[in-house]
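Colleague: Each chain, letter by letter, is given below.
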Amino acid sequence: MSKRIEVKDLNVYYSKFLAVEDVSLTIEPRSVTAFIGPSGCGKSTFLRTLNRMHEVIPGARVEGEVLIDGDNLYGAGVDPVLVRRNIGMVFQRPNPFPTMSIRENVLAGVTLNNRRISKSAADDLAEKSLRGANLWNEVKDRLDKPGSSLSGGQQQRLCIARAIAVSPDILLMDEPCSALDPISTLAIEDLIEELKSEYTIVIVTHNMQQASRVSDRTAFFNIAGTGKPGKLIEYNDTDTIFTQPTVQATEDYVSGRFG
Amino acid sequence: MSTPAVAQAPNAHPKPVQRLADRVFSGAALTAGSLILATLAAVAAFLVMQSIPAVTTDPNDISILSGQNFWSYVWPLVFGTVWSAAIALVMAVPVAIGIALFISHYAPRRLAQGLGYVIDLLAAVPSVVFGLWGANTLAPAVQPFYSWLTENLGWFPLFSGQASGTGRTILTASVVLAVMILPIITALCREIFLQTPVLHEEAALALGATRWEMIRIAVLPFGRAGIISAAMLGLGRALGETMAVAMVLSSSGAITVALLTSSNPSTIAANIALSFPEAYGLNVNLLIATGLMLFAITLVINALARYIISRRKEFSGAN
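Protein chains in written order, with UniProt numbering: chain A, 1 to 259; chain B, 1 to 319.
Please keep in mind that the hints were generated in silico from the structure rather than gathered at the bench.
Remember, predicted model here, so these are calculated numbers, not experimental data.
Glycine is no exception: its CB is placed at the ideal position from the N, C-alpha and C atoms.
It is possible that some hints are incorrect.
As the list claims (entries may be wrong) - If you anchor each label on the Cβ, the simulated ranges turn out as follows:
| hint | chain 1 | residue 1 | chain 2 | residue 2 | range |
| --- | --- | --- | --- | --- | --- |
| 1 | A | SER31 | B | ARG311 | 57 to 63 Å |
| 2 | B | ALA29 | A | ALA224 | 39 to 45 Å |
| 3 | B | PHE145 | A | SER151 | 57 to 63 Å |
| 4 | A | ARG93 | B | ALA124 | 36 to 42 Å |
| 5 | A | GLU194 | B | ALA28 | 55 to 61 Å |
| 6 | A | ASN11 | B | THR210 | 23 to 29 Å |
| 7 | A | SER118 | B | ILE255 | 45 to 51 Å |
Unchecked claim - In silico DSS-like links for lysine-lysine, alpha-carbon gap of 27 Å or less:
| hint | chain 1 | residue 1 | chain 2 | residue 2 |
| --- | --- | --- | --- | --- |
| 8 | A | LYS140 | A | LYS128 |
| 9 | A | LYS145 | B | LYS313 |
| 10 | A | LYS3 | A | LYS231 |
| 11 | A | LYS145 | A | LYS8 |
| 12 | A | LYS8 | A | LYS228 |
| 13 | A | LYS119 | B | LYS313 |
| 14 | A | LYS140 | B | LYS313 |
| 15 | A | LYS196 | A | LYS16 |
Stated by the list, open to error - If the Cβ cut is set under 10 Å, some of the chain A residues that face chain B in the computed set are:
| hint | residue |
| --- | --- |
| 16 | ALA60 |
| 17 | GLY77 |
| 18 | VAL81 |
| 19 | ARG93 |
| 20 | PRO96 |
| 21 | PHE97 |
| 22 | PRO98 |
| 23 | LYS145 |
| 24 | SER212 |
Pulled out of the complex, with its shape left as it was, chain A reads as follows:
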């Protein structure tokens, strides 16, 4: 269950402020795509438009099209709730529900909307998702403990387990490792490598080594100055972006000359 994302001439506004201007790109299924760029260049904002999470922010709206296997995300009558059920998201800071146990956290998405699931099926799904997130061995003996009792890296993998438990088509990750230590980061990166075989993964990262380690394609976003909209500068295979970028700004950024 992995789908192609095609973005056509997308503009993102916060009320009247144009935050991201004219982005067009295509993301292939079963691949990892990294968004890099300086802070405030709109990469997180753009990521959120891929599952309509930007609509949570008052005044945010988009122009243009996002096609998921040809279906427009912003077509008339498309329910954002259903969109988000098919496009999972992992956030910058781990956010397991503190009032739920580890098991309940994993199954949170599945039990939404009163979807009925038998106990044995739920157990199987919880185990499968936690195994998928490389967390099973660490938590199998304490599934009834609160999710907040885990370490930061474990919590983030719990969030990934929660996201993949609903078998989404696409997995969006907004700087998933920025609050984690190097060991946990490595665990998540290994996990991304494994998840690639089943999902289309888009990851925003500030860490260029991470982008070069995990991604197949990389998109570089930049901003001309404060108050100006963010733009997609260059989008290509990760190797090309990091070794032979065609745009000077990209080369400056990936070589650490600015940003």
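Starting from the structure of chain A, add chain B where the hints point.
Modeller: Chain B only, in chain A's frame:
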């Protein structure tokens, strides 16, 4: 193996540096804390000392008791107090949570602000006004409805019996109480709901939760302890409310769950207010003893609420 440099210190427990500001502040905090305890202890001591004669004296020497013993006098009052407050709470809490959710998560910002002010204003209305409204406006207005209920749903224990002709029943008193405790519960719930971490709300939404589902899995569980605390504050007010109940309720001292009849239990606070002007001698002690009962009820209920809150402490998100 080299020993750490700390071993040089001759004193095994060096005194930490004490700063003046720290000491002043901790002293002030300690004083404030002890003051609360001292006040509470003083009130409890007063109640207990004054109550003893009422329980130990021969009931025939206390005119209000007119021969019956203390417990059979106080029991209907305890029942009436808890019963009316419980009904009020059952009516007020869902409405309060609804209003608070509307303000915090549904209403446009401007409307939410205005609504918030109105709610706070409601909390500032004196209870005497609510009492007047309840006795003179609400009671006659609901009386036909009560008659209809007793005629058509009389098989249901709460609605059994002959409907009161005045409408000044325990249900009317409870409605007035509910209106009175609504603002405080709403205001507290609203503040708690606004504190829900955006992170958790987004986690729910990103899983494909509708707004109501988001509230159910992120907002309400997070606010659980706060909702209980808010309800307890409301309940405290309902239990101790004097004027409004005294004015609205026409009581006969009967113990019954029937809400609509003219035989209603009174409440402790209202009974004290109504009986006190004519009380003398041991009667005063008797009324104070009923006050002690109210004190004890409040204490038990609050302890119960604390217990409920602490039961799922590790899941509260506060760790």
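Colleague: Does each hint hold? Answer for all of them.
Modeller: Hints versus structure:
no.: 1; hint: A:SER31 to B:ARG311: 57 to 63 Å; in the structure: violated, 48 Å
no.: 2; hint: B:ALA29 to A:ALA224: 39 to 45 Å; in the structure: violated, 54 Å
no.: 3; hint: B:PHE145 to A:SER151: 57 to 63 Å; in the structure: holds, 59 Å
no.: 4; hint: A:ARG93 to B:ALA124: 36 to 42 Å; in the structure: holds, 41 Å
no.: 5; hint: A:GLU194 to B:ALA28: 55 to 61 Å; in the structure: holds, 58 Å
no.: 6; hint: A:ASN11 to B:THR210: 23 to 29 Å; in the structure: holds, 27 Å
no.: 7; hint: A:SER118 to B:ILE255: 45 to 51 Å; in the structure: holds, 48 Å
no.: 8; hint: A:LYS140 to A:LYS128; in the structure: holds, 11 Å
no.: 9; hint: A:LYS145 to B:LYS313; in the structure: holds, 12 Å
no.: 10; hint: A:LYS3 to A:LYS231; in the structure: holds, 24 Å
no.: 11; hint: A:LYS145 to A:LYS8; in the structure: violated, 45 Å
no.: 12; hint: A:LYS8 to A:LYS228; in the structure: holds, 20 Å
no.: 13; hint: A:LYS119 to B:LYS313; in the structure: holds, 26 Å
no.: 14; hint: A:LYS140 to B:LYS313; in the structure: holds, 22 Å
no.: 15; hint: A:LYS196 to A:LYS16; in the structure: violated, 37 Å
no.: 16; hint: ALA60; in the structure: violated, 13 Å
no.: 17; hint: GLY77; in the structure: violated, 16 Å
no.: 18; hint: VAL81; in the structure: holds, 5 Å
no.: 19; hint: ARG93; in the structure: holds, 6 Å
no.: 20; hint: PRO96; in the structure: holds, 8 Å
no.: 21; hint: PHE97; in the structure: holds, 6 Å
no.: 22; hint: PRO98; in the structure: holds, 3 Å
no.: 23; hint: LYS145; in the structure: holds, 8 Å
no.: 24; hint: SER212; in the structure: violated, 27 Å
In the structure shown, a violation is registered for the earlier hints numbered 1, 2, 11, 15, 16, 17, 24, in ascending order.
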